[in-house]
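Colleague: Based on these hints, arrange chain C on the given structure of chain Z.
Taken in sequence, the protein lines are chains Z and C.
Residue 247 in the UniProt record's numbering is what sits at position 247 of the first sequence, and the numbering runs on without skipping anything.
Residue 8 in the UniProt record's numbering is what sits at position 8 of the second sequence, and the numbering runs on without skipping anything.
Please note that the accuracy of each hint is not assured.
Lysine-lysine pairs mimicking DSSO-like chemistry, simulated, CA-CA at most 27 Å apart [said to hold, decoys possible]:
1. Z:K140 - C:K307
2. Z:K140 - Z:K83
3. C:K307 - Z:K83
4. C:K307 - Z:K138
5. Z:K83 - Z:K167
These are calculated hints, taken from the structure and not from any lab test.
Read off the chains here:
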Amino acid sequence: MVRLEARTSTPAWFNLALPLLAIGATLILCSGLIALAGAGVAEAYGVMFSASLGDSYAITETLVRATPMIFTGLAVAVAFRAKFWNIGAEGQLLAGAVASCAVGAIPMPGLLAMFLMALAGAAAGAAVALVPATLRVKFKVDDVVSSLLLNSVIFYALMALIEGPWKDSFSGYPISPPIEDSANFPVLLEGTRLHLGVVAALIAAPLIWFLIARTTLGFRIRVTGENPEAARYGGIHVERVLISTALLSGALAGLAGVGEVGGVHFQVMSDISPGYGYSGIVVAMLARLNPLGVVPAAIFLAAVMTGAEAMSRATGVPAFLSDVIQGTALLAMLVALLFTAYRLRRVGAAR
Amino acid sequence: MSALFEQIFQVGFLAAIIRIATPLAFATLGEMFSERAGVLNLGIEGIMLLSAMTGFTATSLSGSLWLGVLVAVLTGMLMGALHALFTVALGLSQHVCGIGVTLFSSGLAYFLYRLIFGQQSVPPSIKGFQTLPIPVLSDIPVLGPAVFNQFSLVYMAIIAIPLAAFVLYRTPWGLSVRMVGENPRAADSAGVGVIATRFQAVILGGALMGLAGAFLSMAQFNAFTFGVVSGRGWVAIALVVFGRWDPWRSAGAALLFAFVDALQLRMQASGLGHIPYEAFLMLPFIFTIVAMAVMSRNAVAPSALLKPFRREER
Numbered sequence: 001m002v003r004l005e006a007r008t009s010t011p012a013w014f015n016l017a018l019p020l021l022a023i024g025a026t027l028i029l030c031s032g033l034i035a036l037a038g039a040g041v042a043e044a045y046g047v048m049f050s051a052s053l054g055d056s057y058a059i060t061e062t063l064v065r066a067t068p069m070i071f072t073g074l075a076v077a078v079a080f081r082a083k084f085w086n087i088g089a090e091g092q093l094l095a096g097a098v099a100s101c102a103v104g105a106i107p108m109p110g111l112l113a114m115f116l117m118a119l120a121g122a123a124a125g126a127a128v129a130l131v132p133a134t135l136r137v138k139f140k141v142d143d144v145v146s147s148l149l150l151n152s153v154i155f156y157a158l159m160a161l162i163e164g165p166w167k168d169s170f171s172g173y174p175i176s177p178p179i180e181d182s183a184n185f186p187v188l189l190e191g192t193r194l195h196l197g198v199v200a201a202l203i204a205a206p207l208i209w210f211l212i213a214r215t216t217l218g219f220r221i222r223v224t225g226e227n228p229e230a231a232r233y234g235g236i237h238v239e240r241v242l243i244s245t246a247l248l249s250g251a252l253a254g255l256a257g258v259g260e261v262g263g264v265h266f267q268v269m270s271d272i273s274p275g276y277g278y279s280g281i282v283v284a285m286l287a288r289l290n291p292l293g294v295v296p297a298a299i300f301l302a303a304v305m306t307g308a309e310a311m312s313r314a315t316g317v318p319a320f321l322s323d324v325i326q327g328t329a330l331l332a333m334l335v336a337l338l339f340t341a342y343r344l345r346r347v348g349a350a351r
Numbered sequence: 001m002s003a004l005f006e007q008i009f010q011v012g013f014l015a016a017i018i019r020i021a022t023p024l025a026f027a028t029l030g031e032m033f034s035e036r037a038g039v040l041n042l043g044i045e046g047i048m049l050l051s052a053m054t055g056f057t058a059t060s061l062s063g064s065l066w067l068g069v070l071v072a073v074l075t076g077m078l079m080g081a082l083h084a085l086f087t088v089a090l091g092l093s094q095h096v097c098g099i100g101v102t103l104f105s106s107g108l109a110y111f112l113y114r115l116i117f118g119q120q121s122v123p124p125s126i127k128g129f130q131t132l133p134i135p136v137l138s139d140i141p142v143l144g145p146a147v148f149n150q151f152s153l154v155y156m157a158i159i160a161i162p163l164a165a166f167v168l169y170r171t172p173w174g175l176s177v178r179m180v181g182e183n184p185r186a187a188d189s190a191g192v193g194v195i196a197t198r199f200q201a202v203i204l205g206g207a208l209m210g211l212a213g214a215f216l217s218m219a220q221f222n223a224f225t226f227g228v229v230s231g232r233g234w235v236a237i238a239l240v241v242f243g244r245w246d247p248w249r250s251a252g253a254a255l256l257f258a259f260v261d262a263l264q265l266r267m268q269a270s271g272l273g274h275i276p277y278e279a280f281l282m283l284p285f286i287f288t289i290v291a292m293a294v295m296s297r298n299a300v301a302p303s304a305l306l307k308p309f310r311r312e313e314r
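Pulled out of the complex, with its shape left as it was, chain Z reads as follows (with noise of 0.2 Å):
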């Protein structure tokens, strides 16, 4: 006989073991989908792995990819540590990518001009996330269901914006027009696209977890996740520490747009993000909420796109498997989780 038993302490390497466990099951129920498709599982999985961490210059198009990941994993870690549940970095990045575009199209200083661009992507983003967490706070309006909604509200007014006024007038494109020269990001390493955005998202980890972990807002934060009543009878004022938690999230998630925009696009387009928002929430749940944890989740997880590419262009799967990947993925870790809830136990028959 087995049992499930209440576990009151989790090892460490619990925090390692958990995602490889999830990351695992997952790659071996995808692996079915390659062969619907028709094609060899490792030779797919070989493309997949050779094309994003196989040579130095796969590596640094993964760490590109992961950057926004990075960011908004880390929006959704903050949030999701207070229980602000906000599904809304879609949006956010977004609006971060627009304000830094249109910031950056200012024609300024280069240092001062990206200092700008994420001071104004960072703002914009705050602004959107302090939308779903006023209506928690004020009407009890639940904040996944608005944060949500406004994603949509976000999406369609950037969309106004690329075919209204900032419309390509010369192509017709809807496009808008480029930031300045001096406003895009340094590249670090001669002949790839590795930008100083990257450099950001892993400095911007290490804080977010001496935040989380070291400071008074951390403790607040994390108390009000924890245990809202409790955090009340403590004297922490928690519709207060939700509006701040959203403003840190809603920021962070508009330093993804503004990375896609000062180091990647140099302008915006109605698909400037394939989602990164919501890959964001698998991040964050890979990492199990930890900040550290983010950067080689989001890693992973770009390493799966841009090695899908690849893969479906070698072995015709559809590139939408790194779609499933992220979703199994994100189901996998939260299964994988209950281990940490419980312990599987063997009771002796006779008892």
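Modeller: Okay, now just chain C, sitting in the frame of chain Z:
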């Protein structure tokens, strides 16, 4: 102004409202059953998308519309069962599982569609449902052509609303659903199988979401595109809140939303050219958010919503 008024309010406009409301009514009723049993299903967006895809594919390959509908419903039930497995049987976070189900279902829909149909410049289409006028009733002035000259799936939605109310309020199973959503502990003591009832409600909800998806790809658009659902699932979740978890009010909320949506479509078409059309597309979403803010204060959600039930934990 009066010309615009007349252009907007005509039989075609009423018919458009009914047509837009139909998938929303199915989806909203589906979400309502799930939530009344205590399970928020954020998988709805993905479930609708996957059902739209499987239904379309089944029809496209077999030529039978009703087989497509059946496949869509079964798909919805299957994905509902998956969501119930995670949230009811395993008691995992309903928020995150729902997002997971949506990501998974959407990814699977894209993947399978591309696998089956390949990359085509013109997306394949089917001969979808045709309008089916109901004798006598369709001759009623104004109301007749608007309501009784519709797709058969529309009639199913019209029947589904009182049926849902009857099932929820007048049958023993409906009582069980409401009990496990309000007070699972008491329901358990009264001999109601909490886990089983929740599973059934979420699966029934999935079936209705499947119908919503089938309507979109087989009656409204007659094709499957990646944007075929485009937020309608999220809207349905808001409509459940707006409709205070009641079948009649939820259906009313769907009608109201459809009115706003039909209005924005007409306004787009009626020469208000200086306003970008995206402003109209945004309108229903902003309307829904505002409506939730107005309604949420006195909205009473099922008490056990979001709370997993474990018998041994007392």
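Colleague: If a hint holds in the structure, say so; if it does not, say that too.
Modeller: Each hint, compared with the structure:
1. Z:K140 - C:K307: At roughly 18 Å apart (the allowed maximum being 27 Å), K307 of chain C and K140 of chain Z satisfy the hint.
2. Z:K140 - Z:K83: At roughly 14 Å apart (the allowed maximum being 27 Å), K83 of chain Z and K140 of chain Z satisfy the hint.
3. C:K307 - Z:K83: 15 Å, holds
4. C:K307 - Z:K138: 23 Å, holds
5. Z:K83 - Z:K167: At roughly 39 Å apart (the allowed maximum being 27 Å), K167 of chain Z and K83 of chain Z break the hint.
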